[in-house]
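K.L.:
Mind docking these for me? Both chains are given alone in their own frames, and the hints should help you get the complex.
Here are the chains, one letter per residue:
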Amino acid sequence: MKNILVIIDTIENRVPSSGFELISFAEQLAETRSLNILVVIAGGTIGEAAEKAARFGHTVIGLEHDSLIHPNPELLAQAVDVLIDETNPQYACFQHTMRGCHTAALLSSWNNTSCITAVESFNSSGDAPVFRRSLFNGKINIDLTPGPGRAVLTVLPGAFAVTDSGSSPKNPGSVEIRRIFGIDSPGRPLGICESPEETVRLEESDVIISAGRGIGSPENLDLIRAVARLFPNSAIGASRIICDQKWLPYAHQVGVTGKTVSPRLYMACGISGAQQHIAGIKGSQLIVAINTDPQAAIFSISDYIIVEDLKKFLPLLIQKHEELYRSP
Amino acid sequence: MKILVCVKQVPDTESPLEIDGDRRWVRDDGPIAFRMNRYDEFALEEAVLIREALGDVTVDALSVGPGRFSTTLKKSLEKGAANGIHILYETGGYCPPSLTAALIADYARDRSYDLILCGVMAEDDMQCLVGPLIAARLGLPCAVSVVRETISPDRKTVMVECELEGGINEKIELPVPCLLSIQSGINRPRYPSLSNVLRAKEQKLIMIQADQGVIPQRPEQPVSISYPEKSSTGVVISGTPEQKAEQLLAILHEKSLL
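Residue numbers (the numbering used here), protein chains in the order written: chain A, -4 to 323; chain B, 12 to 269.
Note that these hints are calculated values from the structure, not bench results.
Keep in mind the model is a prediction, meaning the values are calculated, not measured.
Glycine included, every Cβ here is placed at the ideal spot set by N, Cα and C.
A few of these clues could be false.
Said to hold, decoys possible - Stretch by stretch, here's where chain A covers chain B in the computed footprint (C-beta under 8 Å, at least three residues):
1. 74 to 81
2. 150 to 160
To be verified - Restraint-style ranges between C-beta atoms, simulated for each label pair:
3. B/237 - A/198: 33 to 39 Å
4. B/219 - A/211: 37 to 43 Å
5. B/215 - A/211: 36 to 42 Å
What the hints assert, rightly or not - For the chain A half of the interface with chain B, some residues (derived, Cβ under 7 Å), not all of them:
6. 64
7. 65
8. 120
9. 125
10. 139
11. 142
12. 143
13. 183
14. 251
15. 312
16. 316
With the rest of the complex left out, here is chain B (with noise of 0.2 Å):
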């Protein structure tokens, strides 16, 4: 069995962001910290689990973006990927899902994956796209916001529950090959082991160039990007933190909360 997780580096949403200078994206030479999706950490580690109880399974990590994402690919590699595959894109900010999605595509085609994961969504742009994109290229069923999965003994097919909203799930069969799309929370990520860390150190990436021939040639464009605007009726409690708990107190005791 081949299964294929797609990985992306998002810079850490508790650094401090700053938008760059010409407002198309955040700064990326500052204090910021990269790291990988956190999605993205539970599609690799379900991928992990499969492999550890089937056997005879190969996990795949893929990344489309710039330079800086090999250090992703090779956290991918020490969480216990086998193969490392950057598809090298230059972006300057914003980048299209529909483009991620057709580099991924492209890549997978012809090379029999059985399972392709992704997360569920990328913790910096949030779209939720990329991976029904890459099923509906590929031609591939696809279920979103898997919160558990079994794969059949015969491994023909995969038993998924989706989670709906409200805390409804819904099971669904699907044949293999198929996309899953994997919410948080189906697992718990593993660290890194000593073995797979030092076997990453030493085992190059697949580099390829993208090709611009398959990237899609009328995507949304980004205009601008701001700061959200602060709620102009929400009153920031200032002083000491015993100030500000006194403060708090009587708000609620006067609106007879207390």
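So here's chain A without its partners, still in its complex pose (with noise of 0.2 Å):
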């Protein structure tokens, strides 16, 4: 029987929120192509991590090693890469994260196999599995199919939740830590740093407003800012590009790279939905979307999708507010 590889990477020792829903979608794919699972993880000192893994009922490589406690593509590509050699493979699967993606090139590029990122879902029912990522932010979708033999791959956050390994308990799979040495990777690690901005309470928010590029300038945040007013207990999101352009902090940024949040009620104003944006949003109970394009990617997971210009349509909402809900 073929493996497919799952490798797990750390920070400080920390499996990411998307780490185990990598195991979610090698067991779908290994279901259909009748794969084997191998779960690496990888970092520090990873013995915990490593048994929490294991919970998933596959079998779990450590990779130890004192410069993994911070992600170090290089040096997990290479003892990766020795793996690969051992178990020959017929996937290796990666986080869809910045890292990931540097780590799956690397290895695609020293075995001359293809790389396929940021995979959302795949179809199995033909000869080879064929994998789907979105284009142009999320505005259509491409249908991969894999070169010849091995395939590494990324898989984006978000796509494949996690399934509850507690709720059916399974013989939990062997663990063995394996300690590396040797390698050296040419980029000296310095540490991490939090960006130290002001605080804003977006994760304990029940409403979140978000501002993207359909605001158009600065000055109309000042709209987003008097419908937050509205609700109790809200806060202002933003999208990358907001934060990019300096019109808002980064801490006030919503998606994967900024805060992951799950508030009662997201209102997405003149947001596209970058994949990395909808990925941080999806737990959020109600999705209001309002936007000018109606091709816009946000609208495929919205609740309420609103097609207008946010400002005619916020000044429109702030007044019909004053009028029916603030009587005197």
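P.N.:
Written as structure tokens, this is what we have:
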């Protein structure tokens, strides 16, 4: 039986929220192609995380190196390359993070195999599985099939839900911890830093009103603020581009590279819906999206869709609220 | 110091995108506008900022793609690149990142660049691969998703801050030469100056035919492209803008959110 390698990396020995989702992806793929799953988990001291991973019922190999306490794609790729030689897998899968892509790129280049990133779903009905991913900010999907032989994949966070290992208790898989030696990366890691920006309590808010490119100019943030004031316990969120343009500090950024949120109401104002943004808001109870572009990807996960220009619509919303719900 | 910046031309994602007849790619003959990949604009600006800070630095911009990509290279000259290099490759749609990376690496191999800068991803295919693939082919150290960069006074190392997830950054020191993939927000890309616009008008691009010999033989293959399925649960609120506002308020009120 062919193997599928699931490689989960950690930051300071903690598994990122998307880590165990990879196991769900591999289980679904393994079922259709009859593959054997091997979970590889890498870090500085990885015993605890490896035991946790073993609860999913698959064999776990823990890779330990002091330099793996922080992401180290070069070192990880070299260690995984050794495992590839040993286990001859059909697929090697990583989380779709920037460093996951970096590691995947190195392995695919060294082994001359194809690499497909940000996989959202797959279709396994034909001879070879076909992997689906987004193009153009989610406006179009592409189905890709790997070239012959082994393939390296990265899987989009949020695309596959973690199966609850507690509800259907399985026999935990075996755990083998390997200390890796003697390989050094050309870069010298100098540590992790958190951006010391103002405290924005996005995670604790019931309502998040979020601004995207569609607001047009920073002055229109006042409209977003005014809408937020209609709700108790609300906060202002933003898409990446708003923070890149320095219209709001990065502490407001919602998405995989910013904050992952799950409010009672998420109102996306002029946000087109980049994958990394969508992955960060999937847990919201109710999503309302306002955008002028009827093709906007954000609409595909919205509960309520409004095709309007914010600059006209938000003042109307505030005005109607005043008239209808704030009677003297 | 020599810096190579890799730039790509992408369809403006705000343009209406239409899938072509044989479902291979989007139509590029309609009302579609093309421009420089935004992440590459940040990479180019970073290179120009380095030149302004250090002085004796050459910034070359390079692109792999069909003839129309030349306009993006001209734009690179307008924004401050000294030379524009166009590796002509006519793709009829999806272009594997491994192919682009192989052609760029082949060009850069013996040209002793101290830094190679790429955008962290292309806005069209969003693979995040070309940068690290070039680094792998050239055996260069590489940092991805760079949000800050400082070159040491002796120019032998570069200190970078890379973005991880959840608002966490990692600091890494890399030896020169190396490759950096640049994340958006690292700087504010400038508008072209008049003198650069005039220079770009006169200056010829360096045109190179893609060498078929270096192209990877077994890349992934596109099967088809499609529009995403619309969510079945999403309700489109319709009517006049006033009616839409009233309906939305009624829904939010009913759900005790207001």
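K.L.:
All hints are to be evaluated individually against the structure, with a verdict given for each.
P.N.:
Each hint tested on the structure:
{"no.": "1", "hint": "74 to 81", "in the structure": "violated (count 0)"}
{"no.": "2", "hint": "150 to 160", "in the structure": "holds (count 5)"}
{"no.": "3", "hint": "B/237 - A/198: 33 to 39 Å", "in the structure": "holds (35 Å)"}
{"no.": "4", "hint": "B/219 - A/211: 37 to 43 Å", "in the structure": "holds (41 Å)"}
{"no.": "5", "hint": "B/215 - A/211: 36 to 42 Å", "in the structure": "holds (39 Å)"}
{"no.": "6", "hint": "64", "in the structure": "violated (11 Å)"}
{"no.": "7", "hint": "65", "in the structure": "holds (6 Å)"}
{"no.": "8", "hint": "120", "in the structure": "violated (12 Å)"}
{"no.": "9", "hint": "125", "in the structure": "holds (5 Å)"}
{"no.": "10", "hint": "139", "in the structure": "holds (5 Å)"}
{"no.": "11", "hint": "142", "in the structure": "holds (4 Å)"}
{"no.": "12", "hint": "143", "in the structure": "holds (6 Å)"}
{"no.": "13", "hint": "183", "in the structure": "holds (4 Å)"}
{"no.": "14", "hint": "251", "in the structure": "holds (6 Å)"}
{"no.": "15", "hint": "312", "in the structure": "holds (5 Å)"}
{"no.": "16", "hint": "316", "in the structure": "holds (6 Å)"}
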